[in-house]
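Residue numbers (UniProt numbering): 1 to 356.
Just so you know, the hints here were simulated from the structure itself, not pulled from any lab data. Please note that a few of the clues may not be correct.
[Stated by the list, open to error] Derived pair list, reagent style BS3-like, types lysine-lysine, alpha-carbon separation capped at 30 Å: (1) K223 <-> K313; (2) K319 <-> K303; (3) K303 <-> K171; (4) K66 <-> K209; (5) K279 <-> K174; (6) K209 <-> K296; (7) K171 <-> K66; (8) K303 <-> K223; (9) K209 <-> K303; (10) K171 <-> K316; (11) K66 <-> K174; (12) K246 <-> K66; (13) K223 <-> K171.
[What the hints assert, rightly or not] Simulated DEER-style distance windows between Cβ atoms: (14) L98 <-> S280: 55 to 65 Å; (15) N271 <-> R302: 35 to 45 Å; (16) K66 <-> N166: 16 to 26 Å; (17) N180 <-> N141: 30 to 40 Å; (18) P250 <-> L193: 17 to 27 Å; (19) N110 <-> R326: 23 to 33 Å; (20) W162 <-> E309: 15 to 25 Å; (21) E314 <-> T71: 35 to 45 Å.
Don't be surprised by glycine CBs; every beta carbon is placed ideally from N, CA and C.
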Amino acid sequence: MLFMHLKMQTPPPLPYLLDEQNFAFLLLVTQYDFYRRKLRMPLPFYNFSIRSRILENENQDLLVIKDVYGTLISRPYDFWRISGETVQSFEELFVLILPRVRGLRNGQRNVNLRNRLLLTLVWLRQYPTYPILSLIFGICNTLVGSIVNTMWLILWEALIVWPDVNSWQQKIGKWSEMPNVLASIDGTSHEILIPSTEPQEEFYSGHRKYHCFHTQVIIDNEKNICYIHGGFLGHDNDAFAYQQIKPIGPGLELDFPNNCFILADSIYPNNIPLVTPYKSLEILRQPQQERRRRRKFNCMHRKRRVYVEHVIKELKTFKVIGSLYRHPRWEMASIVELCAALSKRRADNIGENYPN
């Protein structure tokens with residue numbers, strides 16, 4: 001109460017400028033200083049976009065849509081190199097997706113379906129940036145992104161199918177030294193950009209030393225991809241990823257013959273149907289004859305399991321998953337499956353046209 005009484009008795013402070021004209025001048029100076037600090041560029045460029053500031057007198061020609069497909073069909077080898085498809089296999093793929101194409105936006109109608117398909121295959125195979133594809137095909141960046149996002153969904157289809165039990169049984173004896181081994185499994189990693197809105201440690205692989213997603217790949221003893229499952233976080237190892245995929249075995253979701261096996265690396269659990277190599281301690285503690293037998297088994301195991309690494313190497317020729325992935329992460333698992341299907345088509349095409 002005493003404080004409030006003294007406060008009410010105290011006269012207000014004197015203004016620091018008694019003259020109103022001087023005060024108006026000070027206010028004007030203050031406003032000018034505030035304006036000068038906000039102004040970061042010369043007056044003619046104030047509030048212009050970065051493009052307008054760099055290119056003051058921009059007067060470029062409009063983009064002209066180019067028939068890249070019509071140019072490349074006369075150069076079959078270049079067509080194969082940049083798209084991963086021959087002209088004939090490209091036409092087969094074109095016929096395959098033709099019934100799935102629905103009504104398109106006005107911008108996409110200006111680019112025919114063959115060029116849209118070729119643009120998407122080049123994006124998957126070479127993974128160029130949108131501005132580069134824009135210059136190659138003569139369309140704007142926005143239309144490039146729209147075509148890619150539309151076409152890869154049309155291409156994506158479950159072409160990787162798990163064989164039935166009868167198909168698996170027909171593969172028995174393909175490897176004479178290991179007649180009951182029908183398949184191999186391994187994991188691979190795909191580097192991604194460092195997450196900015198999610199916990200980074202979930203995506204970081206201490207083994208790879210970068211942020212990534214993992215994919216599990218299973219091939220048969222004829223080097224055909226039978227199963228692929230992607231999208232595992234970088235901090236998960238192959239053993240954990242194997243526990244998350246569909247169960248494999250007689251009568252299970254991924255039906256597999258009894259008394260048949262799948263080769264796996266030592267990090268996987270040594271549970272049927274998986275067969276892992278012997279570890280060094282498991283060899284050293286055995287008699288000499290048993291040590292020799294186990295070392296020979298490891299040698300055969302390594303010789304055959306390397307095939308799955310060869311298939312993964314071929315899969316990563318699609319640079320969209322073989323280099324730093326720059327697009328939304330939720331799409332990656334589906335794009336990996338799409339690349340696996342295209343890789344299998346490519347391998348089948350080579351096998352049919354150029355048999356050993």
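Exercise for the section: Determine which of the earlier numbered hints do not hold for this structure and return their numbers in increasing order. Expected result: 4, 6, 7, 11, 12, 15, 16, 17, 18, 21
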